[in-house]
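**Student:** The lines below spell out each chain.
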Amino acid sequence: MTARVVRVAGGQGFWGDWLEAPRRQVEGGPIDYLMMDYLAEVTMSILQKQKERDPALGYARDFIGAIESVLPAIADRGVRVVANAGGVNPRGCATALRALARQRGADAAIRIGVVTGDDLLPRLDELLSSGHALVNMDTGELLSTVRDRVLSANAYIGSTPIVEALRRGANVVVTGRSTDTALTMAPLRHEFGWAADAYDQLAAGIVAGHIIECGAQCSGGNCLYDWRGIHDLGNVGYPIVEGTADGAFVVTKHPRTGGIVSTQSVTEQLVYEMGDPRSYITPDVVADFTSIRLAADGPDRVRVHGITGRPPTDKLKVSIAYRAGFKAVGTLVYAWPDAYEKAQLADQVLRERLEGLGLTFERILTEYVGVDATHGRLAGAPARDLAEVQLRVGVRGPSRTDVERFTREIAPLVLNGPPSVTGFAGGRPKVEEVVAYWPALVDKRVVQTVVDLL
Amino acid sequence: MSRVRLLDIAHARSGDKGDTANVGVIALRPEWYEVLDRFVTRDRVAAHFAGLITGEVERFEVPNLGALNFLLHGALDGGGTLSLKTDAQGKVVSTALLRLILDVPDDMAVRLALPKFRG
Chain F
1 MTARVVRVAG GQGFWGDWLE APRRQVEGGP IDYLMMDYLA EVTMSILQKQ
51 KERDPALGYA RDFIGAIESV LPAIADRGVR VVANAGGVNP RGCATALRAL
101 ARQRGADAAI RIGVVTGDDL LPRLDELLSS GHALVNMDTG ELLSTVRDRV
151 LSANAYIGST PIVEALRRGA NVVVTGRSTD TALTMAPLRH EFGWAADAYD
201 QLAAGIVAGH IIECGAQCSG GNCLYDWRGI HDLGNVGYPI VEGTADGAFV
251 VTKHPRTGGI VSTQSVTEQL VYEMGDPRSY ITPDVVADFT SIRLAADGPD
301 RVRVHGITGR PPTDKLKVSI AYRAGFKAVG TLVYAWPDAY EKAQLADQVL
351 RERLEGLGLT FERILTEYVG VDATHGRLAG APARDLAEVQ LRVGVRGPSR
401 TDVERFTREI APLVLNGPPS VTGFAGGRPK VEEVVAYWPA LVDKRVVQTV
451 VDLL
Chain S
1 MSRVRLLDIA HARSGDKGDT ANVGVIALRP EWYEVLDRFV TRDRVAAHFA
51 GLITGEVERF EVPNLGALNF LLHGALDGGG TLSLKTDAQG KVVSTALLRL
101 ILDVPDDMAV RLALPKFRG
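Here the protein sequences come in this chain order: F and S.
Oh and the first sequence: position 164 is 164 in my numbering, straight run, nothing missing.
Oh and the second sequence: position 56 is 56 in my numbering, straight run, nothing missing.
It should be emphasised that the hints constitute simulated quantities derived from the structure, not laboratory data.
All residues carry an ideal CB built from backbone N, CA and C; glycine is no exception.
Check before you lean on any hint, since a few could be wrong.
A few chain S residues facing chain F, derived, Cβ under 10 Å [to be verified]:
{"hint": "1", "residue": "Ser-2"}
{"hint": "2", "residue": "His-11"}
{"hint": "3", "residue": "Gly-15"}
{"hint": "4", "residue": "Glu-31"}
{"hint": "5", "residue": "Arg-38"}
{"hint": "6", "residue": "Thr-41"}
{"hint": "7", "residue": "Arg-44"}
{"hint": "8", "residue": "Thr-54"}
{"hint": "9", "residue": "Leu-82"}
{"hint": "10", "residue": "Lys-91"}
{"hint": "11", "residue": "Val-92"}
{"hint": "12", "residue": "Ala-109"}
{"hint": "13", "residue": "Val-110"}
{"hint": "14", "residue": "Ala-113"}
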């Protein structure tokens, strides 16, 4: 007897990933669930700014297009979708989805489950005054030091509300700041009826989620191992998890797609953003990455098994975003001969002028692209006859005016600085507001998630 | 002693958590994990990145994947959106670590057929 297999496909690894991927995942072969991860650390704050401008926004708008591209699969073939595309406005996202379904005559076929309760922004002062200091996990600072600049605050929520939405019949589940891994684990937990204390299975679901949450980054994309031997990236296959009730699963991709699923490609993704491998903490379970066993299981198939987990902690991680000043980055390209020396002189001239203008910045960073931008001094001394070097100067500070003024000092260097310079056609650098990330912990009991079917 | 370059015996991927970069280093052959475990020490990696990071280095063993995981604290100029670096998210810090040259005893280099670095 063959064990029942549930197929969860990864369709987006971040907001901005390949627009073709979701449709290719539902058309390339059989799948049961399409999982799409849209939220990186700072995405919530970008969405919060959009919501401030228009209260109907604040969700990943790409998701609406993605659903449009897979609508027949949902309506006619029973594929179910789980995505954290709701951002800071899951209900707004659901409203836009409903409008799309109506317009496409699929109104009756789409049952939207909306998960809310992760948004702590309206409750922030109440939490602070009742003793939740929301200390910065990295720096130990108290949130009160930046309270007046906070833009968004969201608890990372786990699989339970997603499982509830699926159990109640939703075929498109939209969450806010749910963990990336819960989006994959929840469908497996729902299908196999894993209990809240089935820690080994839950941990396996989390590992499956970690492997496919970055899209093609486990199936040949950004893979260093034998990269020349990875074929047909133009047609790269996004990953699929074939889960079974005991927690073991196979990572694969659709036939006739490019890229590769190998133990090496999967291992590279397993170590991506890894902390302590023994304690991968999630709201549902603490997974032990040192228990993972990988085995090749035929072409583009890797079997993953042996995973163990432990009970979760009584905390949830909170992602807080706050305004932290302004920044801009300017670049110019210097050509042979003596490209590096000319770029260095230009940097010196620029810094002298910034000082003369009395501009103050928290940080000025100069990099020479082609010499030291990615490896610093480890790159060694540059060749003497470099064809070109890009001078890249960034500034960051509390004053928008000062950062603006910096952006006016780049182009003049073309005519009044060292010679053989080009590459300024893009015009003045853009001033960006910096929205910084503040990781904290909060007691689990203060966060109550809500599931609505719309 | 034989000079062995990490790039020739391992592959790697890196990522970020705030101002910390993580680098996972994976042996190209299962039997080469022994070399990583013995010679790619926390101190060796800290010395390699001296001046390039402002914080501590932590090392974790993941023998089941033939891998070591390093956390390089203060590697990303503040990290995330604060950072002014080209590599603000530490995506290629992995390749900087693979420049590391190890001194491996000759008998071990022969026994494990390690590629010699002649740079």
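**Student:** Confirm or reject each hint.
**Tutor:** Evaluated hints:
For Ser-2 of chain S, the interface hint is violated, since its Cβ never comes within 10 Å of a Cβ in chain F; the closest pair sits about 21 Å apart. Taking 10 Å as the C-beta cut-off, the interface hint given for His-11 of chain S holds, the closest approach to chain F being about 4 Å. At its closest, the beta carbon of Gly-15 of chain S sits 4 Å from a beta carbon of chain F; the interface hint therefore holds under the 10 Å criterion. Taking 10 Å as the C-beta contact cut-off toward chain F, the hint placing Glu-31 of chain S at the interface is violated, the least distance being around 15 Å.
For Arg-38 of chain S, the shortest C-beta to C-beta distance to chain F is roughly 18 Å, which exceeds 10 Å, and the interface hint is violated. At about 17 Å, the closest approach between the beta carbon of Thr-41 of chain S and any beta carbon in chain F exceeds 10 Å, and the interface hint on this residue is violated. For the restraint placing Arg-44 of chain S at the interface with chain F, the shortest Cβ-Cβ distance is roughly 14 Å, beyond the 10 Å limit, so the hint is violated. Because the smallest distance between the Cβ of Thr-54 of chain S and any Cβ of chain F comes to about 13 Å, over 10 Å, the interface hint for this residue is violated.
For Leu-82 of chain S, the shortest C-beta to C-beta distance to chain F is roughly 5 Å, which falls under 10 Å, so the interface hint holds. Because the smallest distance between the Cβ of Lys-91 of chain S and any Cβ of chain F comes to about 8 Å, under 10 Å, the interface hint for this residue holds. For Val-92 of chain S, the interface hint holds, the least distance from its beta-carbon to any beta-carbon of chain F being 5 Å, beneath 10 Å. Using the Cβ-Cβ criterion of 10 Å, the hint placing Ala-109 of chain S at the interface with chain F is not satisfied: the shortest such distance is roughly 22 Å.
Interface hint status for Val-110 of chain S: violated, as the beta-carbon distance to the closest one in chain F is roughly 25 Å, over 10 Å. The beta carbon of Ala-113 of chain S comes no nearer than 18 Å to any beta carbon in chain F, farther than 10 Å, and the hint placing it at the interface is violated.
When held up to the earlier numbered hints, the structure conflicts with 1, 4, 5, 6, 7, 8, 12, 13, 14 and fits the remainder.
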